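> The residues making up each chain are set out below.
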Amino acid sequence: MKNLRLKAARAVQDLSQQELADRVGVSRQTINAIEKGDYNPTIHLCVDICRTLNCTLNDLFWEEA
Amino acid sequence: MEQSGMYHLGFILGMATVLAIAAVVVYFVRRGRNGKCEYDERQELIRGRGFKAAFYTQIGYLVANLLLYGGAGIEWADGVTQNGIGICLSVTVFAAICICQDAYFPLNQKPKRYLLLFAGLTILNFAIGMMNLSDGRRMWTNGMLNFRSMNFVCVGMFVVLFLVLAIRAICSTGSAGEESV
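As you go down the protein sequences, you meet chains A and B in turn.
Numbering-wise (numbering that gives the first Met the number 0), the first sequence opens with residue 0 and increments by one.
Numbering-wise (numbering that gives the first Met the number 0), the second sequence opens with residue 0 and increments by one.
Check each hint, because a few of them may be wrong.
[What the hints assert, rightly or not] Here are the simulated lysine to any residue pairs, SDA-like style, with alpha carbons at most 25 Å apart:
no. : chain 1 : residue 1 : chain 2 : residue 2
1   : A       : 6         : A       : 44
2   : B       : 109       : A       : 15
3   : B       : 111       : A       : 21
Simulated from the structure, these hints should not be mistaken for lab results.
Being a predicted model, the structure only gives us computed values, none of them experimental.
Go ahead and model the full structure; you've got the sequences and the hints to work with.
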C-alpha cells in the first residue's frame with residue numbers, strides 16, 4: 000500500500016526524496032520504495048524519518064482500521 | 000617432473016600477479032572514501048536475497064555438473080574452467096539482483112568507478128582471450144573447454160552486468176523526475 004502521508008509530509012517540508020534520504024542516512028531508492036509501499040522500514044528508520052519530518056509515528060506509519 | 004615443477008611455479012606466480020593486480024584495483028576503487036561500504040537496511044535485505052540466490056545457483060550448477068559427469072558421462076570442461084564458470088555464474092546472479100534493486104552500490108560510493116572497472120576488466124579479458132587465439136592457443140583440449148576460455152566467460156559476465164547496469168540507469172533516469180517533491 001502506498002504511503003501517501005509520508006509523501007505529503009515530505010512535500011510540506013519541501014524536501015526531495017534525495018534530501019530526506021541524506022538526512023536519515025539511506026538511499027533515495029529506499030525512500031521511494033517506502034512511499035510506493037514496496038518496502039516496510041524498521042522501527043528505527045521510521046523514527047528517524049518522523050524526527051526529520053517533525054511528525055509522529057501515528058501520523059506517518061499507523062494504518063487506520 | 001621438471002616441466003611439472005615449472006608449470007606449478009608459473010601457476011603460482013600467475014595467481015600472485017592476478018591477486019596483486021586485484022589489490023591495486025581495489026585500492027583505486029576505494030580511494031577517496033573511508034574504506035567501509037555503507038548499505039542501508041533495505042540494501043542489506045536485498046543483498047541477503049542476492050547471496051541466497053547466488054548460493055542456490057551454485058548448488059544447481061554443481062548438481063547439473065554432477066549429473067553430466069556422473070550420470071551421462073559428458074566431460075565438457077576441465078576442473079579449473081568448471082569451477083571458474085560456476086563462480087562467474089553465481090557472481091552474475093548476485094550482482095544482477097542487487098543492481099536491479101539498487102542494492103549493489105554503497106551509499107558512500109560512486110557507481111561511475113564500478114562502471115569504469117567493469118569496462119576495463121571486460122576489455123582486458125577480451126584482449127587476453129584474443130591474444131591467446133591469435134597465438135594459436137585453443138580454448139579446448141580433447142574436446143573439453145580449458146582454462147583459456149575463462150577470459151571469454153569473464154567477458155560474458157561483465158557484458159551481462161554492464162547491460163543490467165545500463166538498463167537500470169535508463170529506468171531510474173526516466174522515473175527520477177516524478178520521484179522528487
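> All the hints need checking, so say for each whether the structure fits it.
Evaluated hints:
The suggested pairing of residue 6 of chain A with residue 44 of chain A holds, with an alpha-carbon distance near 15 Å, which does not exceed 25 Å. This hinted pair checks out: residue 109 of chain B and residue 15 of chain A have alpha carbons roughly 20 Å apart, not beyond 25 Å. A hinted pair counts as satisfied when its Cα atoms are at most 25 Å apart, and residue 111 of chain B with residue 21 of chain A qualifies at roughly 19 Å.
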